[in-house]
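S.K.: Read off the chains here:
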Amino acid sequence: MTPVCPLDRLVPERGVAVLVGGHQVALFRVTDPATGEDRVHAVSHLDPFSGAHVMARGIVGSSGERVTVASPMYKQVFDLATGACLTEPDVRLPVWPTRILEGLVHVADRPAEQPVDPSLDPSAALAAATP
Amino acid sequence: MTETSTRKRLVVVGGGMVAHRLVEAVADRDTAGEWHVDVFAEESRAPYDRVALTSFFSGRDPEDLLLGDGSLWRREGVRLHTNAPVKAVDTAARQVHARGRVYDYDALVLATGSSAFVPPVEGSDLPGSFVYRTVDDVTELRAWVTDRGAELDRPVRGAVVGGGLLGLEAAGALQAMGVESTVVEFAPRLMALQVDEGGGEALRRLIEKLGITVRTSTATKRIKAGRNGRVARMDFDGGDRLPVDVVVFATGVRPRDELARAAGLPVGERGGVRVDEACAVPGHDDVYAVGEVACIDGRCWGLVGPGNTMAEVVVDRLLGGGATFPGADTSTKLKLLGVDVASFGDVFAAQAGSLEVVHSDPVNGVYKKLVVSDDAQTLLGGVLVGDASAYASLRPLVGSPLGADPTAWLLPEGVEGPPSTELPDAANVCSCNNVSAGAIRCAVTEQGCTDLPAVKACSRAGTSCGSCLPLVKTLMTSELEKAGVEVSDALCEHFAVSRAQLFDIVRVTGLRTFSEIIAAHGTGRGCDICRPVVASILSSLGTGHVLDADQARLQDTNDHVMANLQKDGTYSVVPRIPGGEITPEGLLVIGQVAQDFGLYTKITGGQRIDLFGARMEQLPAIWKRLVDAGFESGQAYGKAVRTVKSCVGSTWCRYGVQDSVGLAIALELRYRGLRAPHKIKLGVSGCARECAEARSKDVGVIATENGWNLYVGGNGGFTPRHAQLFAEDLDTETLVRTIDRFLMYYVRTADRLQRTAPWVEQVGMDEVRRVVLDDSLGIAADLDAAMAAHVDSYEDEWAATLDDPEKLAHFVSFVNEPDTADPSLAYVTERGQRRPATADERREGVLVAGPTLEVRS
Ligand code: SRM
Ligand SMILES: Cc1cc2nc3c(=O)[nH]c(=O)nc-3n(C[C@H](O)[C@H](O)[C@H](O)COP(=O)(O)OP(=O)(O)OC[C@H]3O[C@@H](n4cnc5c(N)ncnc54)[C@H](O)[C@@H]3O)c2cc1C
Ligand code: SF4
Ligand code: FES
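For the record, the sequence lines run as chains A and B. With UniProt numbering, letter number 71 in the first sequence gets 71, and the count goes up by one each step, no holes. With UniProt numbering, letter number 525 in the second sequence gets 525, and the count goes up by one each step, no holes.
Treat the hints as calculated values from the structure; they're not laboratory data. Treat the hints loosely; a few may be bogus.
With a straight-line Cα cutoff of 20 angstroms, these simulated SDA-like cross-link-like pairs (lysine to any residue) come out [what the hints assert, rightly or not]:
hint, chain 1, residue 1, chain 2, residue 2
1, A, K75, B, A457
2, A, K75, B, S71
3, A, K75, B, K807
4, A, K75, B, L72
5, A, K75, B, E63
6, A, K75, B, R752
7, A, K75, B, N558
8, B, K807, A, L10
Produce the complete structure using the sequences and hints provided.
M.R.: In structure tokens, the structure reads:
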């Protein structure tokens, strides 16, 4: 895990991007309305539909019980906890485990599980293409 | 090619509508990943909606016609080769030849469609004669008409040969481009295949009313060239002539069976690859043909619905099933130039003993006919011209009891509602995609769909020509109501009220934060629909800066960073240039900023300058320079007032009668920053010549000798509308007060993302006049006060942001590496400026620059 910034640096329900282990990761601080407890979600900053690194600039919201973010580019909605795209079930954002330790946000060095299908993770394709 | 060796290879020849459906079905149903699919498409585009081709002329971008969202072609196991015609098929070796090499297949599907048929008329190959089948065809046609129009000092003259469905579509397209058009039909009536004589007559009257000349029973003998070698005249049998600048042939199609013929596959008498009920070519159980190229039971189907059914049959067969082609129907509905035409079932009353029930109203241009069984109980078919509103309900009833006196269905809309009949589950509601009423009900009751987009996605109904949508919606609503779900105009899942209601709630309750508003009047955390709506409402009510703490998280990224998001994740910057007037010094500043930051520059359609390719972290530095030089935000990113376009007016122009630039600047400075349900554009022209195109704006002002004429409700974009005259010869003060009230009334009551044109249409022009001009609701003082408050509280969002370190702190690329640019950005130089590299350029490595190279500051 890598410490990236103080929790206070994150405004609730507004994303920011961080660089972790060469990956662009989008962080979202979400406060549980009942308990007042803070959670930090980390998903890939790469929007799989547009191929641009913009997810941290999406609007946070909810769909039923799920906390979501909508891509700012073409507005597909993703579950922040699992990375699953709600409108296109085959697509999923990689998710990074996070931890809050002594007021600092820590992000794992790699995503929770490798995406099953490499064609769903254009970052691999981009990385391969960028000389 | 690196094939996964265990997979079977499916090769699809042709990348048209049916090929798209076929691959979609493989992707959906081949869950075991048995097949790897290669699609070879001769055209340069991914499969697109040919049925909607004509919408190209109403300004739709060819990209908007693409089928699906493109993700199908990015799937693993699916490969689309564009610009890749298959040159030959070798069924013995099981190979196709394309792109200069061979590809093996385990199964082959021919989906090569048809080509437009041009009769062997002398001169049909002259420059200026066209067919109407592909996006390239219509692109060339449009370019020709535009070029000819520019050369001639009279309207372009055009003729369409063929008065069938396609010919009328083409005539509509010509008409839309301002061409004086004639339809030439060999048969004695229009749409001879679909409608009967009475229907054809009604249709002719409606089409002629639109200014299109119709010549039936006319044979074209030859087309003559003028001195420049281009189409100039048509000669008809019998000696008549017609001067023309453009000719479109819409004289039918021929199956593209040339590959199959060359490969020795059997073809039908009138062409088409012969297939059995499994769509397989006899004697070749690994070769199939689908869509327009397939000749099944001795006939080829020229409609997308039967083609889609064939695609489903083949996919079922590929996966081991035993599906067969069940036949199809030839129902059609067409809406062209605002004329409805529909025909379905046994149009010509061919069945023995059938009865025809006709309602004809020549004054209103309506002709309706139902064909019923001899006891008048069962519906067999029908023709509707001029008013086809009953089509969606009637077509699925073909073969079933009508449930009422047939004449009840023929009465004009609104006289007495057509009898309500529960459609049987088996009734086919969407003929393009073969979806039954039962399947739509099931989408609601079993698959949990609660809105139209969900039902469309789930059942595919309504995703092609769209003519079934009213019925799909009715079925969905009644199913939802049965289940006790209330169908409302709710904004989204978080707010049960409409935007206008929410506006009133916020205005009246005085709640000023999103948290309070959603806690009191909504549920959950909100979403990308309701959050920006609340932000916009709060802004319209003048509640401070867009980036104030509570509001910031409601904003779409454009409002959030006060710039426009571009495809690669960078932003564009548009400083306000009121009325389009700019000093040379101002131009130099913009040029210098662009040069220093390596930004691509372009003059916009709104008379100002757009600077593209700014990274989020660069925005404050760019704006610092602009603000210091006296520029302010142009709100190009907001649902807000954009520009007031002006012409040069009386200051310089020899025809101008008023100072249009002066008024445009005054209006832009008055309304700048006003946030609204959608963007608002204004225009001011200095005389009736209308060089500022004011009538295409939400608010258009045209100078007269005595003052100003005010027009409202104009729109460019997808559904263009000319603004309509609202008030005449106003003095400047009255003009401004009237615009104030009009805009505020719109801001308060319109729906989310509703421009003034559809809003005026919804409210009714007379009603808007009563409220704005006669104060019929007694709210004028209130509207005036609201606008005054807006004008007083205006501040430049960018200047305010630059003064606030807390707001500036958000403009970083990465929180833990604030100065590192997004490493995935890549640019190439084109025409002396940089632009984002395409995927191909990235792959081929012809990159010239990463994100930061060209930046000088
Ligand atoms: C930059 C510009 C094109 C250009 O290079 O000329 C442009 C660019 C965009 N237009 Fe436009 N429009 C531009 C003039 C126009 C015009 C012409 C005009 O204003 O005279 C029209 C037709 C007039 C009208 O609006 O009625 C126009 C009709 C649209 C529409 C269709 C609106 C409609 O009611 O149907 C959209 C889509 C939408 O807003 O939903 C759109 C949307 C867009 C968006 C916001 C699309 C997007 O989401 O990325 C583009 C982003 C702007 C950017 O990145 O800076 N743009 N757009 C023009 C900016 C003008 C300016 O100075 O602010
Ligand atoms: C203006 C217009 C309006 C229409 N309106 C309607 C309507 O309202 N309702 C309706 O049901 N139908 C309508 N149609 C008909 C409908 O578009 C067709 O029935 C449908 O597109 C047929 O699909 P297809 O895939 O068989 O053929 P196409 O869509 O024609 O696709 C065939 C593709 O194969 C390609 N191809 C051919 N040979 C090769 C080769 N050797 N190698 C590689 N590629 C090849 C062609 O370039 C073409 O792109 C309309 C058609 C037009 C032109
Ligand atoms: S609209 Fe009139 S005043 Fe304005 S430029 Fe055209 S001719 Fe001149
Ligand atoms: S009938 Fe064409 S989309 Fe349904």
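S.K.: Next, verify each hint and record whether it holds.
M.R.: Structure-based check of each hint:
Proximity of K75 of chain A to A457 of chain B is assessed by CA-CA distance (about 16 angstroms); at most 20 angstroms being required, the pair is judged to hold. Distance restraint check for K75 of chain A and S71 of chain B: the Cα-Cα separation of roughly 15 angstroms lies within the 20 angstroms cut-off, and the hinted pair is therefore satisfied. Among the hinted pairs, K75 of chain A with K807 of chain B is inconsistent with the structure: their alpha-carbon atoms are about 25 angstroms apart, more than 20 angstroms. About 18 angstroms separates the Cα atoms of K75 of chain A and L72 of chain B, which keeps this hinted pair within 20 angstroms; it holds.
Of the pairs offered as hints, the one joining K75 of chain A and E63 of chain B holds, with about 18 angstroms between alpha carbons and a cut-off of 20 angstroms not exceeded. The suggested pairing of K75 of chain A with R752 of chain B holds, with an alpha-carbon distance near 16 angstroms, which does not exceed 20 angstroms. For the proposed pair K75 of chain A and N558 of chain B, the alpha carbon gap of about 13 angstroms is at most 20 angstroms, so the pair holds. Between the alpha carbons of K807 of chain B and L10 of chain A the distance comes to roughly 13 angstroms, so the proposed pair stays at or under 20 angstroms and holds.
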